[in-house]
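We have chain Y already, so just place chain P on it with the hints.
The residues making up each chain are set out below.
Protein chains: 2
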Amino acid sequence: MGRTADYSKERCSVAATLEVVGDPWTLLILRDAFRGVRRFDQWQESLGVARNVLAARLKTLVAHGVMEKRRYSEHPPRFEYRLTDKGKDLRPVLITLSDWGDRHVYGENGPLHFLHEPCGHKLRPGLVCMDCGEPVAPRDLRMVHNPDSQTVGEALADRELLEAEG
Amino acid sequence: MGRTADYSKERCSVAATLEVVGDPWTLLILRDAFRGVRRFDQWQESLGVARNVLAARLKTLVAHGVMEKRRYSEHPPRFEYRLTDKGKDLRPVLITLSDWGDRHVYGENGPLHFLHEPCGHKLRPGLVCMDCGEPVAPRDLRMVHNPDSQTVGEALADRELLEAEG
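So the protein lines, in turn, are chains Y and P.
Numbering-wise, the first sequence is residues -8 to 157 according to our numbering.
Numbering-wise, the second sequence is residues -8 to 157 according to our numbering.
No lab work stands behind these hints: they were computed from the structure.
Watch out, some of these pointers could steer you wrong.
For identical chains, the list gives no copy identity; a pair is met inside one copy or between any two copies.
Said to hold, decoys possible - Listed next, the in silico DSS-like pairs over lysine-lysine satisfying Cα-Cα at most 30 Å (straight line): (1) Lys113 - Lys60; (2) Lys113 - Lys50; (3) Lys77 - Lys60; (4) Lys113 - Lys0; (5) Lys50 - Lys60; (6) Lys113 - Lys77; (7) Lys0 - Lys79; (8) Lys79 - Lys60; (9) Lys50 - Lys79; (10) Lys0 - Lys50; (11) Lys113 - Lys79; (12) Lys77 - Lys50.
Isolated chain Y (complex conformation):
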């Protein structure tokens, strides 16, 4: 499936996330990272993606601070990629994507599930408000617009500056 979209001119936090990780290979690279993959060749084997595409996606993830590249061997020089805290914060995105596919594409025979060890159940994830702990019901949410917000492109450019200064 070919894909083209320009998110940079949107004023939207969904588009902002997609601008950073919305590339399809990128989401699968992150999925693998959450399962412990750290090395180029492991991703290549898992995804069967062209080396130049994989290299470009990892570079972008490092540039956005979602992953960091570390040398784990001096001779020969070898590198691994690890999720940063910012990257680890994508876990709920991956879990909710996985849950929907599990229920609505695979039915009850998905390729993998998560066991929630403290209670022993297969994980069915739900969203709660972290302030009051109550489940998030659509009728309880009111959208509040911010008239002064930037476009995705502007916000990313500012953030790059911040991190370069930081």
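Here is chain P on its own, set in the frame of chain Y:
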């Protein structure tokens, strides 16, 4: 950004969801649907996407049972698109995507936030296990693989048959 990926041969619920809604325009179409957009021209105006692209994406969403097409006027014949229950189940995906972009791209000045009316706080969504109600901590999850699962393509084909048999 150009995108190409084939999810159909993956055995993975994340890839399964992406096969249905992972197209970038599709995720923004769904975002708008959650905000009340129902008509072709409203999406066209919101997204600035080519009419043929939008038409193709809506058709795919209807084919997958994520949206339904309803006639709302007889003369002239006019149609609207509404999220089905299966489509509404994507809300957690959109909320987690939005939350990450809000925190990590926009910082604290995002274009929109959700007010959680029962408690009056700006929504910070968290994931809980729906069985025990406890927050989902990474260390509490154990992956369980199912050796007999289908590929995404096979699962989608079966589901189509199921739905056709109704």
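Consistency of the hints with the structure:
In this assembly of identical chains, Lys113 and Lys60 lie within 30 Å of each other by CA distance neither inside one copy nor across copies; the values are 34 Å within and 35 Å between. For the homomeric pair Lys113 and Lys50, neither the shortest alpha-carbon distance inside one copy (35 Å) nor that between copies (34 Å) is at most 30 Å. Taking CA atoms no more than 30 Å apart as the test, Lys77 paired with Lys60 passes inside one copy only; the shortest distance there is 14 Å, against 39 Å between copies. In the homo-oligomer, the alpha carbons of Lys113 and Lys0 lie at most 30 Å apart only across protomers (25 Å), although the nearest pairing inside one protomer, at 40 Å, exceeds that limit.
With identical chains, the CA atoms of Lys50 and Lys60 are at most 30 Å apart within one copy only, with a shortest distance of 9 Å there and 41 Å across copies. When the C-alpha separation of Lys113 and Lys77 is checked against a cutoff of 30 Å, the pair qualifies both within a copy, at 27 Å, and between copies, at 20 Å. Within a single copy, Lys0 and Lys79 get their C-alpha atoms as close as 26 Å, and across copies as close as 26 Å, so both meet the 30 Å cut-off. For the identical chains of this complex, Lys79 and Lys60 are intra-copy neighbours only, at 15 Å inside a copy versus 38 Å across copies, given an alpha-carbon limit of 30 Å.
For the homomeric pair Lys50 and Lys79, the shortest alpha-carbon distance inside one copy (17 Å) is at most 30 Å, but the shortest distance between copies (35 Å) is not. Taking the shortest Cα distances, Lys0 and Lys50 sit within 30 Å of each other both inside one copy (23 Å) and across copies (26 Å). Within a single copy, Lys113 and Lys79 get their C-alpha atoms as close as 22 Å, and across copies as close as 22 Å, so both meet the 30 Å cut-off. In this homomeric assembly, Lys77 and Lys50 come within 30 Å of each other (Cα to Cα) only inside a single copy, at 16 Å, whereas the closest approach across copies is 35 Å.
In terms of the numbered hints stated before, the structure departs from hints 1, 2, listed from lowest to highest.
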